[in-house]
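We have chain A already, so just place chain B on it with the hints.
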Amino acid sequence: MAGVKRGLAAAALFVCLWQALVVFGDLPAFILPGPVRVAEALWKNAGLIAWHTGITAVEVLAGLALGTAFGAATALLLAVSQMARYLIKPALVATQALPVFALAPILTLWLGYGIWSKVLMAVLIIYFPVASAFFDGLMRTPPGWLDLGRTMGASPARLLWRIRVPAAIPSLASGLRLAAVYAPIGAVIGEWVGAAGGLGYLMLLANGRVKIDLMFAALFVLAALTLLLHRAVGWACDRLVERID
Amino acid sequence: MEQAPAIAFTGTARFDAHQLFPPVSLEIDSGGWSCLLGPSGCGKSTILRLIAALETGVTFEGHIRPSDGRQLEGRVAFMAQTDLLLPWLDVIGNVTLGARLRGEAVDEDAARALVARLGLGAHAEKRPAQLSGGQRQRVALARTLMEDRPVVLLDEPFSALDARMRAEMQELAAEHLSGRSVLLVTHDPGEAARLGDRVFLLDEGGMTEAVPPDLPTIRPVDDPETLAFQARLLRALREGR
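Heads up: the protein sequence lines correspond to chains A and B, in order.
So the first sequence is numbered by our numbering: it starts at 171 and just counts up by one.
So the second sequence is numbered by our numbering: it starts at 264 and just counts up by one.
Okay, chain A solo, but in the shape it has when bound:
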């Protein structure tokens, strides 16, 4: 509750400063619309924004699910196979030298204007943080637990599922929290490059038609969506850490 109160207080302060900047800076609405105008745009275009929000949300959630699955699977593979560590890990790090954003036009070319190029973009962005955080956790099992497991006669597979994986859940959770914030970035970048719907598409469209208030309204909804997602993933991670096994 304290976090919500603090968030509301910070938001109120931000809105006041914003309004003050518009009034005292004498800024025209097509440069920076005030909060009231943006709220009006949000209200008037609620249906339109909701439609585009739905598209972005689907992209983000699909990207999050697939990215988490691929990232976690990669981490498990790396953790159990020395050969995979030898072959895949350097390649994995090298892919991070490539700016993922630069791939967006290619993905659109390959997968078209539908949601899949955006889903893949989100997957690419969150794949590495999820894989890397989970892998670190899997490799940092306290050695005493592994000793104990070995004297108890555990097979490597049971050691992995009963000790190493549960012990790495907090690390996976921190990767997922990052992923929740990164995934919308991926989806929106994909929409900017070429899309028929979504909040990023709507922002670009509104910007081109100098409907800056609508653009800000979409931006506001995007931020809210990301915060909501971050909270939801955080909550799910907390539950997961609380009761693994």
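It should be emphasised that the hints constitute simulated quantities derived from the structure, not laboratory data.
Glycine residues also receive a C-beta, built at the ideal position from the N, C-alpha and C atoms.
A couple of the hints might just be wrong.
[What the hints assert, rightly or not] With the C-beta cut set under 8 Å, the calculated list includes, among others, these residues of chain B facing chain A: (1) Leu313; (2) Ala315; (3) Leu360; (4) Gly361; (5) Leu364; (6) Arg365; (7) Gly366.
Below, chain B alone, put in the same frame as chain A:
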């Protein structure tokens, strides 16, 4: 439980060119407690880990011979300085960990009975974080007993406890581990004096055996002979024999 074997350990260990300990020889009698006493870093935990067939990073030359000639693998239970309880399992879950790691059926009734016998009946459903240090070490003892192995290796399991709790745990362990062949690695002369049927001292120079008083273990804390033996062990530790 099967008859506990005696174990004879002889050999030397080195890290690359550096010798960790010279040729030494240590014995654990069948159903008896051998205490291995020495300063930190002298290699006493390495000896325990070698017997447990755990990773040590040293090159070992020598042999570890159980008196019945059978492999030790699968017949050893291990208890460390930290309780090694898994924080996501409750007391019963931790006590029955071994069965689950081997994919065997979990005998929860036996675990509950054991936990109750160690005075933890009211805490069976609690997670380790809700227990005190002494209670956690008791759960670790229950987990060790649940394994029901003839050989038990204890790597300073009581050293992190306060004096009162340590004495209690020593008595509890002596009572419940009777009949098993136990190796206790410790740096506490008092502990070795109370618990050791045989006491071995290890330092850079090698290993010597000290003969404890002719009293059955666990010896009373205030027995003059035991106290004198404890003092002798301490002097030997300080003077390097």
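Consistency of the hints with the structure:
1. Leu313: At about 13 Å, which exceeds the 8 Å cut-off, the nearest Cβ of chain A leaves the hint on B/Leu313 violated.
2. Ala315: The hint holds - B/Ala315 has a Cβ within 8 Å of chain A, the shortest such distance being about 6 Å.
3. Leu360: holds, 7 Å
4. Gly361: holds, 4 Å
5. Leu364: Hint on B/Leu364: holds, closest Cβ of chain A at ~4 Å, below 8 Å.
6. Arg365: Constraint on B/Arg365 satisfied, holds at 5 Å.
7. Gly366: holds, 6 Å
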